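Visitor: Let chain A serve as the given structure and place chain B on it in line with the hints.
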Amino acid sequence: MNDKVIETDELTKKFGSFTAVDKISFSIEKGEIFGFLGANGAGKTTAMKMLCGLSKPTSGKAKVGGFDVYTQTESIKKNIGYMSQKFSLYEDLNIMENITFYGGIYGLSSKEIKMRGEALVEKLGLKNETKKMVASLPLGWKQKLAFSVAILHEPKIVFLDEPTGGVDPVTRRQFWNLIYEAAQRGITVFLTTHYMDEAEYCDRISIMVDGRIDAIGTPGQLREAFKATNMDEVFYSLARGAKRSE
Amino acid sequence: MSAIEVKGISKWYGKQKQIAVNSLTFEVKKGEVFGLIGPDGAGKTSLFRILTTLLLPDSGNARVDGLDVVKDFREIRNRIGYMPGRFSLYQDLTVEENLNFFATIFGTSIEENYNLIREIYIQLEPFKERRAGKLSGGMKQKLALCCALIHKPTVLFLDEPTTGVDPVSRKEFWEMLGRLKDQGITIMVSTPYMDEAAKCDRIALIQKGDILAIDTPENIINSFPEKLYRVQTEDTGRMLKILSEYSSGLYAYASGEYVHIAFNDNLISPQEITIVLREHISSEVSPEEIRPNIEDCFIHLLRA
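Chains A and B supply the protein sequences, listed in that same order. Every letter in the first sequence is one number past the one before it in the working numbering, and letter 77, counting from 1, is 77. Every letter in the second sequence is one number past the one before it in the working numbering, and letter 39, counting from 1, is 39.
If we strip away everything but chain A, and leave its shape as in the complex, we get:
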């Protein structure tokens, strides 16, 4: 197997006559931080669902972690982590219970869960808080914890759907330090964000417009290609041409 962790070839999803995702082709390498951008309604969520093995494509090909999105969805699910702002941890379980629960779901042994769980709370500085209900944690901690839990099983890829929404600028930057660390360990990071400064923190980004990927490259390459001084301008010049109303 090569080092391509995600590979798609004309991946398409139609709902009736509506083409939500329109022949997208791209590949992502091991350890890359990949920003998946686009306006609301451009098709990002549908594309992500197919890559996570949750939605069957209409046509095209895709492999995630070496597994086929049509036939090996269970293997895909075991090899990825997922975190979003809306769905992450159970509020009514305490920190350690959440770790144990997700560790179990991801198929870790109780010994591994104990070991990795302890290392995790130590690293996040939550060692004395393990019996605290997740509901009582500040949002910034919740998000850092949710991310760490999503990679507890050392997946090949972690999908992050707007992971930093609503947190203060300092916490947002701390969160990014966790992302960098994970990427350096070889975990591929696939994320969406509405913060254009975060697009700059990615190794490469793609911008979806009306179901298509209209631009892909390093932030520097895109700025140059669109003669823009920042990612905001790149985004505007692409999304302005969108036909799909939102």
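Worth flagging that the hints you see were computed from the coordinates, not collected in a lab. Quantities reported herein were computed from a predicted structural model and do not represent experimental measurements. Just so you know, not all the hints are guaranteed correct.
As the list claims (entries may be wrong) - Pairs of lysine to aspartate or glutamate, EDC-like flavour, derived with a Cα cap of 20 Å:
(1) A:30 to B:182
(2) B:171 to A:232
(3) B:128 to B:96
(4) B:29 to B:182
(5) A:227 to B:257
(6) A:243 to B:65
(7) A:243 to B:125
Stated by the list, open to error - So the derived label-pair ranges between C-beta atoms look like this:
(8) A:104 to B:8: 29 to 39 Å
(9) A:17 to B:289: 52 to 62 Å
(10) A:114 to B:105: 54 to 64 Å
(11) B:265 to A:104: 47 to 57 Å
(12) B:172 to A:228: 13 to 23 Å
(13) A:30 to B:104: 51 to 61 Å
Stated by the list, open to error - Stretches of chain A that chain B covers, calculated by requiring three or more beta carbons in the stretch to come under 8 Å of a beta carbon on chain B:
(14) 17–23
(15) 29–41
(16) 49–58
(17) 160–173
Note that the Cβ used here is the ideal one computed from N, Cα and C, for glycine as well.
Guide: This is chain B only, laid out in the frame that chain A set:
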């Protein structure tokens, strides 16, 4: 008379009396666009709910349009428009039914104040038979704004109207607010996006129930007490590490494709920083002095 007057308002929750809003005092002038800028948990929503008479404060008092938020709650409700952070329209009613419903509740009709919502509603009209629950995020937001405006409120409260909305739609939304302001409506709006602060007449930066700063965006930026430099880099992580290890007298953080470096120039000189970076990163780097933006100011205040 101010449109909103807040005097020592506090709110706490639970047995442990966790502070959500900590004795806040400020005013919003008539016709102003006033922004509450802060992360989740700053107390924005509690403050909104107190001012819209949906939550009783634990101390202090407040007036909206000259009326007391506790005593005169009925009258306030007739006069204000409120768009909560969570989508709060009837999902099973169509676009048109929702709007009709809100107009009727307030004793008016869509026709009566159509000029106020026309520009926004035109974009919704093709979908007026669609159920609100089936609208896309951007469309839901526009419908909620129409419903909050249908009775021609004097003060409009918008709690995080642009959260989770893409940059293009966010820009459009702020253009709409500008036109509402031109019609004389006072607007209090909250957002976690620091770049939107510049679009307000005045802003309050808030965190954990406290106001860190309150002024025009311009004045907040001018009161940034340190020197701020930026330097472009391909390897943000490495540059941050080098800088943070060099001196505790500076604070370096990523900002898009740049690293921002804030420092007290009585303690460290810009030349010193350039020398260190040239030695460890590349002889090409040249930090340049920049004017801070609101996010830089917020980060500074969080460290203070």
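Visitor: Indicate, hint by hint, whether the structure satisfies it.
Guide: Hint check results:
Annotation: proposed proximity of residue 30 of chain A to residue 182 of chain B is violated, straight-line Cα distance about 52 Å (limit 20 Å). Of the supplied pair hints, the one linking residue 171 of chain B and residue 232 of chain A holds, its CA atoms being roughly 11 Å apart against a limit of 20 Å. Distance restraint check for residue 128 of chain B and residue 96 of chain B: the Cα-Cα separation of roughly 5 Å lies within the 20 Å cut-off, and the hinted pair is therefore satisfied. Taking the CA atoms of residue 29 of chain B and residue 182 of chain B, the gap is near 14 Å; set against the 20 Å cutoff, the hint holds.
Between the alpha carbons of residue 227 of chain A and residue 257 of chain B the distance comes to roughly 15 Å, so the proposed pair stays at or under 20 Å and holds. Restraint check for residue 243 of chain A and residue 65 of chain B: the C-alpha separation of about 42 Å exceeds 20 Å, so the hint is violated. Only pairs whose Cα atoms come within 20 Å are accepted, and residue 243 of chain A paired with residue 125 of chain B is accepted, the gap being roughly 17 Å. The supplied range of 29 to 39 Å is broken by residue 104 of chain A and residue 8 of chain B, whose beta-carbon atoms lie about 50 Å from each other.
Take residue 17 of chain A and residue 289 of chain B: their Cβ atoms lie about 56 Å apart, and the range 52 to 62 Å holds. A hinted range of 54 to 64 Å for the beta carbons of residue 114 of chain A and residue 105 of chain B is consistent with their spacing of about 57 Å. Between residue 265 of chain B and residue 104 of chain A the CB atoms are about 55 Å apart, so this pair conforms to the stated range of 47 to 57 Å. Range check, residue 172 of chain B to residue 228 of chain A: Cβ separation about 19 Å, and the 13 to 23 Å hint holds.
In this structure, residue 30 of chain A and residue 104 of chain B meet the distance hint of 51 to 61 Å, their C-beta atoms being roughly 59 Å apart. With 0 residues carrying a beta carbon less than 8 Å from a beta carbon of chain B, the region 17–23 of chain A misses the three-residue requirement, and the given coverage is violated. Note: the region 29–41 of chain A has 4 residues with beta-carbon separation from chain B under 8 Å; the three-residue rule is met and the coverage holds. Judged by the Cβ-Cβ criterion of 8 Å, the region 49–58 of chain A is not covered by chain B as claimed, because only 0 of its residues qualify and three are needed.
Against chain B, the region 160–173 of chain A contributes 9 residues with a C-beta closer than 8 Å to a partner C-beta. That satisfies the three-residue criterion, and the hint holds.
The earlier numbered hints that this structure contradicts are 1, 6, 8, 14 and 16.
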